[in-house]
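Whenever a hint applies, use it, and build me the whole structure from the sequences.
Line by line, the protein sequences give chains R, S and A. Per the working numbering, the very first residue in the first sequence carries number 1; after that it's consecutive. Per the working numbering, the very first residue in the second sequence carries number 1001; after that it's consecutive. Per the working numbering, the very first residue in the third sequence carries number 2001; after that it's consecutive.
It is possible that some hints are incorrect.
[Stated by the list, open to error] A partial selection of chain A residues facing chain R, derived with a Cβ cut-off under 8 Å:
no., residue
1, Y2130
2, T2133
3, E2626
4, L2627
5, V2629
6, V2671
7, M2676
8, R2678
9, V2680
10, N2681
11, E2686
12, P2690
13, V2691
14, D2694
15, T2748
16, I2753
[Said to hold, decoys possible] Only some residues are given here: those of chain R computed to face chain S with a beta carbon under 7 Å:
no., residue
17, N52
18, N79
19, P88
20, L102
21, A105
Calculated from the structure, these hints are not laboratory results. Cβ atoms here follow ideal geometry from the backbone N, Cα and C, with glycine treated the same way.
One letter stands for each residue in the lines below.
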Amino acid sequence: MKPFAFTRASNSQTAIQAVIKDQAAKFIAGGTNLVDLMKEDVEQPNHLVDINRLALTRIEEHNGGLRLGALARNSDTANHRLVRERFPLVSQAILSGASAQLRNAATNGGNLMQRTRCYYFYDVAMPCNKRQPGSGCGALEGFNRMHAILGASTQCIAVHPSDMCVALMALDAVIQVEGPEGSRSIPFAEFHRLPGDTPQLDTNLKHGELITAIDLPAAASAFSAHSYYLKIRDRASYAFALVSIAAALEVQNGTIKQARLALGGVAHKPWRAPEAEAVLNGAPLNQETFRRAATAALKKAQGYKYNSFKVELGRRGIVRALTIAAGEGRTA
Amino acid sequence: MEDLRRRDFLKQTALVGGGVILGQQLLTDGSGTLKQALALVPEITAEKIAVRLRVNGANYGLRLDPRVSLLNLLREQLDLTGTKKGCDHGQCGACTVLVDGRRINSCLALAVTYDGAEITTIEGLAKGDQLHPLQSAFIEHEGFQCGYCTSGQICSAVAMLQEVEQGTVSHVTADVRRQGPVELTDDEIRERMSGNVCRCGAYPGIVSAIREVSAAGRSSSI
Amino acid sequence: MSERPANVGKPVSRVDGPLKVTGRARYSAEFKTENIAHGMLVMSTIASGRIKSIDTKAAERAPGVLGVITHLNAPRLNFPERTVGPNRVVDDQVGPWVGRSLPVLQSDTIYFNGQPIGIVVSETLEQAEYAATLVEVTYEERPHATSLEAEISRAFPPQEGLMKNSPFGRVADYSRGDPEALSKAEVTSDQTYTIPIEHHNPLELLSTIAQWTGNKLTVHDKTQWVPNTQDHLAMVFNIPVADVHVISQFVGGAFGSALRPWSHPVVAAIAARAFRRPVKLVAMRKQMFTSHGHRPYTVQRVALGASKDGKLTAIVHEGYGQTSLYEENTEALLDATRFLYASPNCITKYRLVRGNIQTPIYMRAPGESSGVFALDSAMDELAYKLKIDPLEFRIRNHSDKDPESGLPWSSKSLLECYRQGAERFGWSRRKMEPRSLRDGRYLVGMGMSSGTYPTLRTPASARARIFEDGTAVVQSSASDIGPGTWTTMKIVGAEALALNLDRVRSELGDSTLPRSGVQGNSMLTASLGSAVLEAGHAARAKVFELVRNDARSPLNGATADQVVFADGRISLKSDPSRGETYADILRRHNLDSIEATVDSSPGDELSKYSMHVFVAQFAEVHIDEELGVWRVARFVTGCGAGRIINERTATTQLTGAVVGGIGQAFTEETVMDHRMGRIVNANLAEYHVPVNADIHNLEAFFVEEVDDKINPLGAKGIGEIGYVGVSSAIANAVFNATGKRIRKLPITLDKLI
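Structure follows, in structure tokens:
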């Protein structure tokens, strides 16, 4: 790991000022992804600014919804009484990710900043446009079993690894950010980026901007009775998703009043499926509807040598997730 | 302590500031990539950082290279080698310790970010010669073979039973909306212990050890 | 279990348990050593060619760095070429007989991607890790080959196969009976089975602490065979064996990965000598994928023929295994095929394919598990074609004697394993027709497999010492990688010495102790256990010698066959009240202790009997019909293994192996990007080993089996046997559940949807 300077910030303004001075400075909170990447020399910050002492750990009611502090730990968020009651999809998604130990250290803000698990990104001896722009994409014609089937570019076919973010995407969360030029709100769908020609950029966050909170809007609690996060992976636990599905329905008299659908493990960002939602909205609550929605969601999907199975797996997973959500979102 | 921290802060920002100006000048040359430019910046020497930790009841005042993980600190500097390095990347759980009562992977924890924390390692679980109930149960139920993942498994299990007492839910809990006590089924134990890999495959023994301690209502406290 | 077979000893909990659950058991990297420096390896990033330049200046300038050693400044060491024949040079007892150990830091040649090419040594681990990234290497690349399939036309017969009486004899081409039997068979199955590279991934990393005192070398090293590391270092550094002291008391799992001394102890010792400091060298997890060997990539053709009434008439098994450029590694891929089932006609053929890879090494149930996956998958395929229950098909083809050698079995309880296993498992509930059973969204399937592993024994030495306080110790240089050797040697020692268990302790893992055999190939309990047994008998006989002509003793004048040894006391058979304790005897003779060291070797039993352990394994899998998600709901293993020294640790050994086998069946695969000849998933996040949530009901039991032919202990090794039939039983269960026959492991869900 490259040497770096280390400072502890006592409030967000000093933290931001410390980072803004150095293009190669970074905030560190739980560190579960950043330290991992620093050990691999993928991340080489000159300066780490420790934000763990900032007062951003609260989870509280806000405008009828919930405000999740950026520094609340993933495990505390998943187990918070109000999150479980009103946004069970978020709890489920968090709890399906990583391990208890990692969820105890990882923060909500850090979860958003996770970088891809692409093998080629992680190995500095391999080409990767995300890590080293212009070096080529190792995955495009390499081993791409974990890779994207939607929204990829010829520069990068990496996927975003988060589970929590898929639920946040489905529920139209809003990210609160503080920066050198003040505060701003970023709708979740605009936070992460598709790779295009700039795969080195994962998010639209500017250097020095600090995530302070994630807002779950009041309207999204309408789905609490019928939502489910389905994660499909290579072993029963402690593995990244091959495909995951956040499904949320509001049901009225056997009809879907409104629906939300987002996919994980399929794209460079948590993938919202508005085409599928259009099929679901107002449609009768049955398998035929779910199948049509699944087809719509993956209409533009394109597989590569080793991951074409994800297209069909995604379709089937969508039907399954919607089916469980249409019940009561319980697994048993 | 406050003064010390501020001094450190000033020292380091000054140091970093110098490096950055040089870096930006090089970048504006348009010669080479960011990575190459930054490589020309004079080495940033990792200034040692003051850290206070309480480990298994003993207080330590340390000055640490900020790169030192909690795991390496325990193993290489404090001679607490009960905490194991299996992957060093948060992928096996062998390094699990309790920080302020919560289980984390010490390999991904920079020690400098845990100033003031209270840490319990496997060496801190027994009271003298009296083993923690989970330690005894792991022997009794064949919860290990080689023993290398065992420290992490036991620390993890200690915290896990506390989490269950607090009513936390897991990935296999049927309905996360339901509040109140959680029934600790074998599947709940398995899911909650899945962050600790055992390559010898002693999972059945691990599950029955934990089940017994939980069912006996024996104290899971540390 | 309410009743326990007579061959099973009383369950004893692990003697090293308290040390392990309190974190006080010290593994190789954990010995506090004054003035220690930390090493970190630099690994190649190309698969083939040579190092053109290696610039260490930046690394040397980095804070805390003591120096960098590469092929340019490393001492020239002795890595002898091994040869086939009587004048075999032994620098490594486990390494292939053809080739030589990787000559680390001896030249600019790159044999494989991830090859150790330098070591950086620093004051702290963090400094070493960083400085290692500053070493700039340029290469002259040559074309590489890492795909077995792409190179299969260059396959060649292993030289080892040409040797007579070599332990690798079964890699030679073999044919018995009618070579045209397959074409004449009434019903046939002819398929190809593929097993990818798999890595042991023990939780403990390869670790060495090396320290020189003058010309004497001391290493704490992670190894499965202390004397092998000792011999290797002595030969490589050209110093007397007695000047190398190897210590390895606790090993954090190995599964074959630490059978050979790889580059770590050598490089650590080079560095320790160069910088005149103790040096600690621990592999990173990613380095574990190329620092030691792996289960080789294999492609196997198995063709079976049978009569319509279900009698095997032909077996053809051709195996292709990958090896490195500098060694010919073979394994027992085809061995079981020659004797597991009775067929008058059998052909096996073994071929090697070279690649730019580290030399493969035995990984848990090496060869047998790969070979049996193919063979017992084929048996299942043929059973379906014959419309015969797969268990019944195996029973019909049971081999009552060894069809290869014609020798009788020393013992074989496979039929009993089938019977009891089927009963415990509920095999009768299975439906032959695939996709017949369901549990909600899950298709339920049941499958089974046989398995076998040789019962072997190597020379081993042990010492037993009785103290004047009536306690005793048994000693050997063996290491304990987890099966419980600390415990079993104590049990055997107590039995041999006729002492209560709590009066005996074991001491292991130090080359100054009597030379042990290897902990591997399921041989240690038989080899070392026999030595401990004999040493214990010898030591107590020496105590008896003291009193035979001792007028002060109530035993004066007794002969050996007139006395019994029990509970630390020697007494007359005819009058048990006449006797005295070891302690009394030693004290009276003013002796602190009395000891006996025994070199124990196998006899000629192998020429009289065919000696193997057998297993029957039954799997019930649940496969989500739409999503392909799998679950091993139940797994039953029945084993006949002679005498079981400690039922408790032995049962854990079987179920633990099943967990490993579930990994082989469903999750484990080391993936190579052949364009770069580089492994892409060299970590535990993407090389998936089973986690706790993957494991449900595992049942393992031993059937009653008495075998007085194999060794004095009557015990068969069980380290591998639990693994052998797992992937085949599971693949067969997956077929029964889904109707999909998966012939390429692992059975990931994408193959099932």
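Mind listing which of the numbered hints don't hold for this structure, in increasing order?
-> Violated hints: none at all, because every hint is consistent with the structure.
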